[in-house]
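Listed below, chain by chain, are the residues.
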Amino acid sequence: MRTQLDAIQAVAPSDDDGMMRPVVSALLRYGVVFSALVTLVGLGLLLVQVGPKAFVSMPSIRAPETTDLTSLRAVLGELVPPEPEAVMDAGILLLIATPAVTVGTAAISFALEKDWLYVGITTFVFAMLMLGFAIGGGIVPGKS
Amino acid sequence: MFFAILFMSVAAGVGGAILGLGGGIIIVPALTLLLHLPIRYAIGASIVAVIATSSGAAAAYIRDRLTNLRIGIALEVMTTLGALTGASIAGWVSPRWLYMVFGLLLAYSAFALLGRLKMELPGEVPYDPLAARLRFTGEYYDQALGQRVPYTATGVIPGGAMMYLAGIFSGLLGIGSGLFKVLAMDVAMRLPMKVSTSTSNFMIGVTAAASAGVYFARGDVHPLVAAPVALGVLSGAWVGSRIMGQLRNTTIRKLFIPVLAVVAVGMIVRGMQLP
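The listed protein sequences derive, respectively, from chains A and B. First residue of the first sequence: 5, per this note's numbering; consecutive thereafter. First residue of the second sequence: 13, per this note's numbering; consecutive thereafter.
Since the hints were made in silico from the structure, they are not lab data. Treat the hints with care, as some may be off.
Rough simulated footprint, nothing fancy, chain B against chain A, three-plus residues with beta-carbon under 8 Å [unchecked claim]:
1. 29 to 36
2. 128 to 134
Across the chosen pairs, the derived CB separations fall in these ranges [stated by the list, open to error]:
3. A:84 to B:262: 34 to 40 Å
4. A:81 to B:126: 50 to 56 Å
5. A:81 to B:138: 53 to 59 Å
6. A:44 to B:139: 46 to 52 Å
7. A:34 to B:101: 36 to 42 Å
8. B:130 to A:55: 53 to 59 Å
9. A:26 to B:156: 21 to 27 Å
10. A:26 to B:162: 40 to 46 Å
11. B:100 to A:112: 27 to 33 Å
12. B:260 to A:38: 46 to 52 Å
13. A:78 to B:153: 44 to 50 Å
14. B:287 to A:85: 49 to 55 Å
15. B:107 to A:131: 25 to 31 Å
Even glycine gets a Cβ: it sits at the ideal position worked out from N, Cα and C.
Same shape as in the complex, but just chain A:
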C-alpha cells in the first residue's frame, strides 16, 4: 500500500522550506537580540537618570499615570535626546515587528521556490498583520 508520505514525497522533496530556513532563523535571532539590547539600554538610562529608586517604585504605577508614548512618532520624537521610557518602547516595538519579518521572509522564500499557492496564503497573512499595525497606528480608525 502506498502511504500518504510516499505519495507526497514523490511530488515534493521532504526538504520543505529549502535554503531560506537558516536565513529566517538568523534574521529572527538578530532581530530579537537587537530589540533586547535596545530595551536594556533604556533600562540602563533609567538607572543613570533616575537612580535605583525607579526600580523599587515600580508597583506605584496606577491607572491615572498613563503613558503618552502611544505611537511610533511619539516614541521616535523622544529618542533624541534619549528618554529612558522611549528607548524601552523602541525596543518593545522592534520586538512586536519580528513576527512580521518572519512572515515577510517566508513569503519571499515561497516565491523563490515558485510555490504560488503559498505566496498567496502568506501574502494574505502578511496583509492582515499590516492591517493590524495600521489600525494600531491610527491610519485606519480602529475599534476602541
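Since the structure of chain A is provided, determine the placement of chain B on it from the hints.
Below, chain B alone, put in the same frame as chain A:
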C-alpha cells in the same frame, strides 16, 4: 518589584516555549493578583509576552525544522478569519456562555489527550487529500529519540475548524489561543507533539503582533511593566527552546495536560461567576 516581574516572566517564557502557549494565562493573574498592577497594563504586557515567547524560541525551532512554516501560515488564515468573526459578533454573544463552552471543550480535550499519553509519535496517519494538496508534510531530527522523524498531517478540515474557533475565542475574549492551536494540531491533525507546540509557538506570535498595535496605541503597553516582561520572557523562551528539543513528545504531553485542566476549570469557574 522589578525583579519579581522579571523572575515571573522568565518562568512564563520557559513554560510557554515548551508548551506552545503565550503565557498570558500566567502573566495576567500574576501581575494583577500578586503585584496589584492595573488590568490594562497586565493585558498590554501579556501581549508583549506572547510575542516575546514566540520570537525568543522561533529562531531555534525554525532552524531545527520543528516549526512547519507551511502548516503554521496556512492555519493562520483560519485563525485570522476567526478573530475577525469574533470581533464582529462581540456583544451579540454572552461571555458567560463562551467561558463555559470553551472551558468544557478544553476539559473534554484533556481527557482525550489522556488516551494519547503513551504515544510518542503518531506513526502512519490516514490519507488526507487536502494535506497533500497543501503539502502539510515535513521531517525533523528528534534529539530525544536520536532519529529523523518524517511526518504528515491528516484531518485538515477538523483542524482548520478548530483553528477558526480558536480565532473566534481570541477575537471575543482577547485570550491567546495557544492551547487550542496545540490541540488542533495534536488531536485533529495528528502531528508529532513537538511540531504542534513549535508551530503553535510561531502562530501565536503572528496573531499577537496583529493586535499589539491596537494595545500600544491605547497606551496599554507601559514601558516600565512591558520592558522587564519582554526581557524576562525572551531569556526564558530561549532557555525553554533549548530544553524542549531534549524532551520526549510524551513528556511534553504530560506537562501539557495539567495546564489544560487548570485552564479549563478556571474558565468554567469564571463563566459561572459572570452575571
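Each hint tested on the structure:
Counting residues of the region 29 to 36 of chain A whose beta carbon lies closer than 8 Å to any beta carbon of chain B gives 6, which meets the minimum of three for the stated coverage. By the rule of at least three residues with a Cβ nearer than 8 Å to a Cβ of chain B, the coverage given for the region 128 to 134 of chain A holds, with 4 such residues. The hint said 34 to 40 Å for the Cβ distance between residue 84 (chain A) and residue 262 (chain B), and at roughly 54 Å that hint is violated. The supplied range of 50 to 56 Å is met by residue 81 (chain A) and residue 126 (chain B), whose beta-carbon atoms lie about 55 Å from each other.
A hinted range of 53 to 59 Å for the beta carbons of residue 81 (chain A) and residue 138 (chain B) is consistent with their spacing of about 58 Å. A hinted range of 46 to 52 Å holds for the C-beta pair residue 44 (chain A) and residue 139 (chain B), which are about 51 Å apart. Roughly 40 Å separates the CB atoms of residue 34 (chain A) and residue 101 (chain B), a value that falls within the hinted 36 to 42 Å. Our hint of 53 to 59 Å for residue 130 (chain B) and residue 55 (chain A) holds, since their Cβ atoms are close to 56 Å apart.
Range check, residue 26 (chain A) to residue 156 (chain B): about 23 Å between beta-carbon atoms, so the 21 to 27 Å window is met. One distance hint, 40 to 46 Å for the beta-carbon pair residue 26 (chain A) and residue 162 (chain B), is violated here, with the actual separation near 21 Å. For the pair residue 100 (chain B) and residue 112 (chain A), the supplied restraint of 27 to 33 Å holds, since their beta-carbon distance comes to about 32 Å. Between residue 260 (chain B) and residue 38 (chain A) the CB atoms are about 34 Å apart, so this pair departs from the stated range of 46 to 52 Å.
Range check, residue 78 (chain A) to residue 153 (chain B): about 46 Å between beta-carbon atoms, so the 44 to 50 Å window is met. Checked against the given bound of 49 to 55 Å, the beta carbons of residue 287 (chain B) and residue 85 (chain A), roughly 50 Å apart, stay inside it. At about 30 Å, the beta-carbon gap between residue 107 (chain B) and residue 131 (chain A) stays in the expected band of 25 to 31 Å.
Hints 3, 10, 12 from the list above are not met by this structure, while the remaining hints are.
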